[in-house]
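**Q** From the two separate chains plus the hints, produce the assembled complex.
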Amino acid sequence: MTDSRMTRIALAVAAPVLALVTAFVITSVVLILAGDDWLGVWGQILSWPSNRTMVNIVNSATVYYLSAVAVAIGFRMNLFNIGVDGQYRVASFAAAWVAGEAWLPGYLNIVLALLAGMFVGAMWAGIAGLLRVTRGVSEVISTIMLNAIATAVVAYFLRKVAIRTEGSNIISTKPIAEESRIPGIPFLGGEIYGFVVVAVLVGVAYWVVINRTRFGFDLRAAGQNESAAVASGIDVKRMILVTMLLSGAAAGLVGMPLLFGQDYAYGSTFQSGLGFAGIAIALLGRNHPVGIALGALLFAFLDQQSNPLQILLDVSPDIVKVTQGVIVLAVVIAYEVVRRYGVRIEQRQVAAALDAETREKEVSA
Amino acid sequence: MRRLNKLTAVAAVAALVFAGAGCAKKSTDDSASGSDDCVEKGDVKVGMAFDVGGRGDQSFNDSAAAGLDKAACELGFEVKDAEAQDGEPESAREERLQQLVDAGYNPVIAVGFAYSAAVGKVAAANPDVNFAIVDDAVEGDNITNLLFAEEQGSFLVGAAAALKTETDNIGFIGGVDTELIRKFEAGYRAGAEAVNPDIKIQSVYLTNPPDFSGFADPAKGNTAATGMFDKGADIVYHAAGGSGGGLFEAASEQGKWAIGVDSDQAKTADESVRDSILTSMLKNIDVAVYDFLKSVADGEPKTGPQVYDLSVDGVGYSTTGGHVDDIADQLEEYKQQIVDGEITVPSK
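Each protein sequence line maps, in turn, to chains R and P. The numbering used here numbers the first residue of the first sequence as 4 and each following residue consecutively. The numbering used here numbers the first residue of the second sequence as 444 and each following residue consecutively.
Quick caveat, the hints were computed from the structure, so don't treat them as lab data. All the given hints hold, so there is nothing to weed out.
Subject to a maximum C-alpha distance of 20 Å in a straight line, what follows is the list of computed PhoX-like cross-link-like pairs (lysine-lysine): (1) P:K737 / P:K484; (2) P:K643 / P:K607; (3) R:K163 / R:K177; (4) P:K564 / R:K177; (5) R:K163 / P:K791; (6) P:K737 / P:K488.
With the C-beta cut set under 7 Å, the calculated list includes, among others, these residues of chain P facing chain R: (7) A525; (8) G530; (9) S534; (10) Q542; (11) A546; (12) F556; (13) A557; (14) S559; (15) N651; (16) P652; (17) D654.
Stretch by stretch, here's where chain P covers chain R in the computed footprint (C-beta under 8 Å, at least three residues): (18) 59-68; (19) 266-276; (20) 308-315.
The structure displayed is predicted, hence computed values, not measured ones. Every residue gets a Cβ at the ideal spot worked out from N, C-alpha and C, and that includes glycine.
Isolated chain P (complex conformation) (with noise of 0.2 Å):
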């Protein structure tokens, strides 16, 4: 994991940025080997199974469908995607990984923790493929979990907020109210209370499962959001996938601050809102995607439980836009602090 220096973690980032361009063609174009920059396909077959969204969702899943596109590329995969449908029953979870083991896709990457019963199922069922899964801990001999430590990522731009607000009180906007969101927002508190212990944290989820549109409805983003700021904040962070949107949307309108999530969304949001993100808290989902994927072109599969996490820039925040410059030492303390361990962020 060594490998997987800042150099790799930025390369990683500009190729999410570019998705879609060059060597990151969309899969089901089956013509990423016609590029000049990819090497030819080999006799590996990767299939992955998305979450709700799907490819397209500027957040997690294009996150991940990055880091499957590189390796299709780099490491000369054959790649196939499907994606969740919302609501669905647990059988068709299953039914989807099925298919891609019967289709002869081989490893199998589930992104999302909504298919940890389902890898678990039919990882057992087909001891001789192997399978990933993106943010759960579900075991097997064959199952390699991508997990992050999102609260150390969620703690610097915490750390980033508490130092830049005027006003001394900043907001969080959750998605969907869930164990994994809930973690993104107890990393965000304590950054923000370990600059300032007194700093008043506002906080808000979107919806409750089963209803999963709070990662997807700006409308209701944006209503949060302006409630906050409203209420006296400056900087909002968000970690609701599509429904940042409707944050950044309430920040540049009333010239306040946004904090993006997941990718550098000062890159990806609607050009007219960029100049309001502050920063973003990156989960490089794409890095741990191409790593287990390089490990399986070494013909040597990660297996267990794989943790991305600061030391190995699996998470981390950007500085596009130069907003951050300023207290760039200071983030930097408290990363190396965390990273040495003389800090431990709490994940609930």
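Pulled out of the complex, with its shape left as it was, chain R reads as follows (with noise of 0.2 Å):
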């Protein structure tokens, strides 16, 4: 039995470690093709992070982790949620709006744009989940097409309610107040978003619902297969509404560290882009809430560690993308393989027993 277990945690650590060599050695051939000091690269990008980048790594990794596990409540339903990006962008500027307007005192300013922007990523989401359900609308083709639609209506609506500062380019909405903010954590000198705690109940949260509730196994069963989950009485129309509404909810969350710990405002400089990152990283974490947590840490380590090499080395940070590009389509890769592998030891391990156990009994009789 622990035999078996083992083998199980070596193929389990097999597969992203597999895919971490394959990037490695694949970003090291663009690096030595474009004629660049790859060794160099390496260096800087595997040295130990200053303080600064510690905090700046934790930070970035809260903001992924939350957009991951956005995504991976819809992965494990089988539904591709392409469309956090959009959602995460619609309930980050409508709960800046609230916030900003401060219709409530303090903390319970922040619990009301929470919600807000929970609601409406929610809501965002439910226009791809109610297409898929009743006009069977592919919920891949909808999401993108409804983050193009985000970043209109977005743009529309900051246009309406922006405040202007004279002389500035920038657009946003009213600041927060500083009492509705959340005050940072100390962390190395620097302070990390107090989001982070936040980030880490969503992630238990999500593990126990998918685990350990009749709802969870329901999603679980309508993912792995919907006619058996169809025949077990599961209405899988409704578990697609939700899974779609639940993650759009969690989407709604992924700006909130960045609005309630960093900018304050919903403005044209807001960071985009992270619901696809959200994408990779759930991949990558096989939807485990440990493994996300692994892989968000992994890209943003990636990301702040790339940095300084314009400055230090000359060379593009957009290597960083290459690798974490490889990172992802290795690691796909690799779960196969090592699953295959897997499987072929299972049949061995099972061949083998039938066999002990025939010569046993040709043995008695």
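**A** Here it is in structure tokens:
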């Protein structure tokens, strides 16, 4: 028993390690072909981060984590929610507007804004869910379209509610009042987002709901085999809609660390593209809350460590995008390779066990 | 600022055109000092943080780079640049500026209004370092704001379009719908309407923030321009960075006119389309950057807002190709009226 358990753990670790090694090799080849100082690049990326960089890594990982969890909720149900990107931008804008208006005092204002963000994110994803269950529109197509629409809608409303400082080209919502900001947590001489606590709670809630509730069971069942789920009495259409709403609500939280811990307003320079990073990280972390956390930290680490490459080595930090892309591709392939290998080992063990059994029977007979 | 006469402006534009050749070497080669025309390297290290696109965008960033490279050559500065990533978080911009400071670069120049908050914060944290920011008015004791009167230059090309059009129908293509680009449109409209109050002006913006691809998508520019030409326009002005290439193609195919932006695009655009470029609205970022670095070299860095308008040739229009020679008198008259304050050009 311990033996097969060891094999399982070894196999689980083998896939990501294989993927990382592949990514390392391919990135090195690209660097060498481009005539860059590839050893210097790895020297910088793999060096021990400074305290300031550490803080940035944790902060950036927090945001990535929330995005990946939002994507993973859909993945578990076999729903490809590409629209997390649009959902979090619409939600962040809505939350920023609500928080900026400050209808409630202090922390109540934060709660109201978070709820508003989650609600708007859920509704935006719900459009795709509704289209899927009523008209059979693939959520892949509709969420991509909704991303583009989200951009236009947010731009339109931002222009309506924006405040403008004289001489600045940046337009943004009203800044959130001092007392309604989430204070940072001291860390290595800097401050990490206080929202990191919420991110952890979201991870725990995600794990509990998926693995320890009837709803989670239905969700996984529907994701793995739709017709079997229908046969066992699961209302798959309802599950699709609810999953999209949950995924969207989680997406609604993605921008919140930035909003309450850094930018304090939603403007034209708000970070974009987080939804797509989330897809990659959810794949990398195999939709597991701990795996996603590791994936988010890895991506954040690569991002932050590559920042000074331009200044120190004249290498574009875009090279890290290559590494990240290769990691995701390689990880998908590696998981499949390792899975097949695992199946083969299992088959051999079963065959051996069966052989032994028949031999025993023959002997006793 | 009197020094900034026409000759320097012309020289600066020429430097822009020949960017990459001779003196204006890519700083990343680190060989600017090796060139014979350049003075020897001193101990001043200048850091420049570009907006998305960086060097090679043939527009905004390149213009700033030209000023930087000229300073590197003529003032013997050691230069280093780093560019922004699309959709990056605020912390990445702060980090970039801070890293330049940490690596000993002073002054540090941020190109583009996206750096507004980051410059404000990093400048406050590093009071001994001089910062400059292009296109933004963020305040600080050690911050220089390089600002341009884009509406004034746009007024003149708008007037040129109205004087040249045969259909009394002209167009404007904005890259991304931001306040800055609206300023271009406002000036263009005012200029065209000053010539002909009844002129029809079509206007379109390619993308909305945070989608900044409108500054780098020639296909979108082409579609927008073709639509305008189909609806009767015969001259279209763009303030859309790299997307302008699509306008030039459309104009060239249909035998219509295009108006370029930021640099003299009749010299920098693809050769096959240069004949279709009526004129370009010049925004001499390179002049402003060089001017700032010169003040640093002189030991008295300019701080606070420095506005580059028509009176100092910070903005203007180009005459390459001679297509506006016949209306030069009228344009110069408008220019004089703006400089004298007889015409106030709206900026929104």
